[in-house]
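Colleague: Single-letter residue listing:
2 protein chains.
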Amino acid sequence: MTFPYLDTQDLDFMLADWLDWRALAELPAFADHDEGTFREVIALSEALALDRFAPHNRLSDQNEPRLENGRVVLLPEIEQALDAFREAGLVASDFSADHGGAGLPTMVTSGVAACLTAANVATNAYVFLARANARLIVTHGTQAQIDQWAMPQLHGRHYGTMCLSEPQAGSSLADIRTRALPDGEDALGPRYRLRGNKMWISGGEHDMGDNIVHLVLAKIAQDDGSLPPGTKGISLFAVPRILPDGTRNDIALAGLNHKLGYRGTVNTLLNFGEGEGALGWRIGGAGQGLAIMFQMMNEARVGVGLGAAALACRGYVQSLAYARERPQGRPLGVKDPTSPPVALIDHPDVRRMLIVQKVLAEGALALCLYGARLIDLEAAAPEAGARADAGRLLGLLTPVIKTFPSEMGPRANDLAIQIHGGYGYTRDYDVEQVWRDNRLNPIHEGTTGIQALDLLGRKILGDDGSALAALEGEIRATVARARAHATDARARENDRLTAPAQALDEALTGVLDCVARLRAMPDPRLALQHATPFLMAFGHLVVGWIWLDKALAALAATGRNPDYIEGKLLACRYFMEWELPRIHPDLARIAAGDDLLASIPEGGF
Amino acid sequence: MTFPYLDTQDLDFMLADWLDWRALAELPAFADHDEGTFREVIALSEALALDRFAPHNRLSDQNEPRLENGRVVLLPEIEQALDAFREAGLVASDFSADHGGAGLPTMVTSGVAACLTAANVATNAYVFLARANARLIVTHGTQAQIDQWAMPQLHGRHYGTMCLSEPQAGSSLADIRTRALPDGEDALGPRYRLRGNKMWISGGEHDMGDNIVHLVLAKIAQDDGSLPPGTKGISLFAVPRILPDGTRNDIALAGLNHKLGYRGTVNTLLNFGEGEGALGWRIGGAGQGLAIMFQMMNEARVGVGLGAAALACRGYVQSLAYARERPQGRPLGVKDPTSPPVALIDHPDVRRMLIVQKVLAEGALALCLYGARLIDLEAAAPEAGARADAGRLLGLLTPVIKTFPSEMGPRANDLAIQIHGGYGYTRDYDVEQVWRDNRLNPIHEGTTGIQALDLLGRKILGDDGSALAALEGEIRATVARARAHATDARARENDRLTAPAQALDEALTGVLDCVARLRAMPDPRLALQHATPFLMAFGHLVVGWIWLDKALAALAATGRNPDYIEGKLLACRYFMEWELPRIHPDLARIAAGDDLLASIPEGGF
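Protein sequence lines correspond, in order, to chains A and B. FYI, our numbering numbers position 17 of the first sequence as 17, with every residue one higher than the one before it. FYI, our numbering numbers position 61 of the second sequence as 61, with every residue one higher than the one before it.
Hint data in this document are derived by calculation from the structure and do not stem from the laboratory. Hints are not guaranteed to be accurate.
Which copy is meant is left open, because identical chains are indistinguishable; a pair holds if it fits in one copy or across any two.
Simulated crosslink set (SDA-like; lysine to any residue; CA at most 20 Å straight-line) [what the hints assert, rightly or not]:
no., residue 1, residue 2
1, 335, 523
2, 232, 341
3, 232, 244
4, 335, 288
5, 232, 50
6, 335, 227
7, 335, 526
8, 232, 255
9, 232, 287
10, 232, 334
11, 232, 338
Can you make the complete structure from the sequences, with help from the hints?
Modeller: Shown next as structure tokens:
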């Protein structure tokens with residue numbers, strides 16, 4: 001049976017042909033593996049997604065987590081799916097053997113996550129949080145902390161959260177008020193009593209597993225009892241639900257949030273320290289909290305992008321299946337009402353809605369897998385220079401990997417509903433839930449606006465230019481390869497790449513010119529005011545590049561269905577002809593740097 | 001208290017200053033009215049919206065209609081609101097005195113509908129359907145039919161539906177299978193027995209009022225028992241739930257549809273004639289059904305656009321209020337973490353999300369009110385030529401009035417969620433429901449794809465060019481007025497309109513050039529394949545024109561708040577600078593007429 005939530009042929013093409021997992025397996029870090037083991041892991045995750053994750057996806061939406069006598073009650077199918085995930089040995093699969101893992105590349109475990117998320121994004125969130133939480137502790141914790149909190153998560157016995165936001169502070173972490181008072185030190189490190197309220201905590205309370213490890217941002221109170229201003233005073237604490245002595249920590253569930261979608265992931269408001277203060281152990285140095293947490297946040301951002309891309313893929317393949325099955329109407333130009341109806345897919349407008357989904361969904365997923373490959377190279381490339389290059393590019397692309405799928409995924413899902421017509425608006429079909437689930441992605445782990453300031457303010461204007469130059473080099477190399485290929489192909493009257501390469505080249509010039517104009521602006525407020533449309537334009541440039549690079553890989557691929565290859569080439573052309581050119585009017589406005597937004601008077605809205 | 005679901009200052013500006021309701025009141029048909037009575041009606045509808053419609057909007061979403069012992073149970077608040085609407089004398093307000101109405105212009109009752117829809121779109125749907133149903137019967141029915149079915153609806157005692165779609169046919173009405181067999185004739189006209197299944201029937205079954213009048217499309221069986229092919233064989237029937245003798249007609253409720261939103265409007269699957277056949281009386285001639293139904297469909301399409309615009313306005317004003325109240329973060333460039341947080345509205349990205357909503361929502365509502373004015377002029381302009389001109393322009397604009405708000409409304413609502421951050425994703429705030437409710441609008445009463453074929457295929461390429469020429473004349477006149485105003489203003493260094501007029505002129509040229517290219521294409525399939533992006537580009541041209549025209553009215557307005565006027569001018573500029581230029585890359589692709597979509601092989605998706 002074909003996997004019904006994602007085109008696994010395309011996943012295999014991207015991992016094997018385009019991103020060349022054989023080359024990854026040749027790196028010393030991944031020498032235990034080969035293409036065969038990679039493909040087995042993906043096949044295992046498809047089976048798990050199909051058997052254990054997908055069946056309760058709708059049920060989880062209809063039966064959201066509820067409070068019963070102060071306890072959070074989840075659908076039992078969620079824990080059963082997580083148990084199966086653990087039993088399949090997938091929790092620690094990309095951790096080292098020291099940490100109970102198999103040392104798989106992140107690129108491969110991203111393929112795993114794509115399958116699971118496409119099947120059930122809300123259940124996968126528990127897996128995702130535990131893995132990212134453990135990875136932070138493994139990287140920044142002491143051996144005692146790793147043994148106490150990371151290893152049980154990697155064994156699938158504990159779950160984890162990240163506790164950043166507070167009701168009054170939202171995206172503004174400088175304004176958090178959770179306070180930590182020193183309370184001695186023990187084998188687990190410097191100990192504190194925490195008091196404060198944390199909002200939007202996914203997986204914050206439930207009865208699955210033996211414990212929940214909360215990673216909490218808080219400020220260590222100064223001698224006068226006040227909290228240091230800004231983000232520099234923030235430290236990070238491991239605050240377990242169950243203390244090492246087996247008693248409950250002073251953490252109260254203050255409420256559940258009732259969401260538009262993504263309902264199977266319980267989302268909580270937690271009060272730390274309503275009584276004697278919640279016990280927490282500092283991870284890393286005092287005042288280092290935000291810097292350390294950024295590791296988990298960056299992983300979460302890439303994970304959000306991957307989830308959004310997987311949901312976009314789900315809507316695409318489900319609406320594609322519907323368009324193939326449902327007969328309706330007659331082709332344009334056919335007037336004879338006695339002729340039989342054709343399938344939806346034979347209507348040009350339905351084809352348009354399918355190919356837009358295809359270029360957005362597959363482009364987004366490709367972007368995320370490319371990012372995962374950078375994570376692998378940053379960690380495992382033999383040369384220090386190559387590791388640094390990968391890290392630089394990954395840093396630049398992280399806000400794009402988070403945002404392009406998050407913003408374009410719901411747009412794709414909207415078209416999946418539209419193809420289903422009235423049925424798509426009912427809860428009898430999946431696409432409406434996919435659309436609702438995906439709508440969280442532009443909000444959590446840093447809103448689109450936050451990502452945009454990160455990209456333009458920190459990663460581009462705040463950088464010495466080397467990160468952007470690295471990307472420019474990659475794009476130019478792809479353009480050059482496409483043109484060389486086109487020159488060869490022209491002799492055979494089969495040039496498919498000259499026009500797409502030209503469109504990409506123009507987009508690159510447009511973005512670079514815009515950046516130069518922004519750099520020259522004396523007032524950073526004018527340069528940064530349009531950071532969000534800049535991020536979207538930049539994201540389209542990046543995904544255009546990805547599509548051209550994939551088209552080159554498709555032309556070089558052997559053993560793939562010719563129609564499939566043709567679909568890749570046409571999708572590349574569609575993206576370049578329709579989606580990419582729309583960035584130019586926006587880039588012109590961004591570069592103009594006028595003050596329209598600021599000049600709107602209070603009563604003018 | 002300010003009306004919290006719509007900017008009523010703006011509504012008043014549009015009706016009074018821009019669309020000049022005083023001029024309407026001078027037409028003989030509206031001579032009973034003046035600006036004072038118009039304003040009273042709007043104020044009455046605001047009060048009704050606030051007191052009776054808004055309070056159960058969320059409740060209606062949470063408690064969707066359900067079946068209990070075969071009966072549809074609705075929230076009692078719905079009927080109470082409808083009763084209040086009737087008691088306020090608003091049901092027939094724009095019908096003639098002969099039909100129990102007050103003869104108000106449609107433009108004024110559109111203002112009423114905007115307020116009610118913004119407050120509760122699902123409850124307003126019952127009002128809307130009854131009014132449109134009654135109007136069809138008043139126009140095409142016999143006096144006996146009017147007395148039997150239209151008047152009780154206009155008195156608020158009966159409700160009405162439109163029954164077009166069938167489970168197998170969706171948008172393709174040529175394929176309906178509901179059959180009508182002649183069953184004699186009586187005082188109500190030619191009588192038939194109907195058998196068939198109708199899908200997506202809003203308000204199809206409930207216990208409110210004394211009766212439900214279903215207007216049903218069906219085919220009269222031919223002598224050999226077969227149904228005539230195509231749409232020409234379709235006739236229209238009034239099929240009451242309760243027959244004139246007081247017994248139940250043979251109409252069975254086959255099920256309720258469970259929707260993503262718009263839940264307060266019960267949506268049903270009805271089986272006509274499971275027993276002896278449902279009794280129906282033909283309205284109009286045999287085979288005239290679709291032509292007659294188009295009156296109700298066109299009214300419904302304008303109504304859908306108005307509803308979508310009103311929901312866009314609701315999201316805008318609610319997110320504006322939130323952005324003003326919620327302190328968060330510090331302005332760009334302010335590094336001092338001890339400085340107090342500012343309101344969300346002080347962040348440029350939030351201002352961007354507000355002004356995008358403003359230009360889309362207010363632009364959409366303005367378009368609908370302009371369309372309502374055309375309805376009034378088509379009916380009541382003293383000169384036959386003026387009536388014909390208005391009708392021609394209305395016909396051209398109807399798919400735009402239906403679609404621009406329906407497609408752009410949800411986009412605006414998406415930004416309303418985003419401004420609320422995580423809170424916007426919870427069911428504690430209204431914006432997520434608004435977004436879900438609005439998502440129906442691109443689907444019902446003809447999907448966006450259907451509207452696009454209507455615009456490009458019938459109203460433009462299938463027309464002799466006079467409708468488009470009429471619009472072109474209107475746009476050029478506005479551009480000329482703006483340029484004349486700009487010339488005057490330039491002397492005072494206060495030219496606000498030269499650049500917007502230029503942008504609009506370029507958009508007009510772009511659209512006209514594209515149409516010329518499409519007309520020249522030998523293969524209509526290539527011309528029509530991109531009808532949907534053409535509709536969106538065309539819609540942006542039309543709304544750009546509306547914004548420039550409104551800006552001229554704002555400059556001429558007296559007695560309005562100067563900040564409010566400034567907001568109008570800046571919104572006009574924003575639309576012309578950011579939204580409108582994006583149509584040009586799309587127009588270039590539409591005009592290229594290549595065969596990419598058709599050439600994607602089956603296995604290429």
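Colleague: Which of the listed hints are not met by the structure?
Modeller: Violated hints: 3, 5 and 8; rest satisfied.
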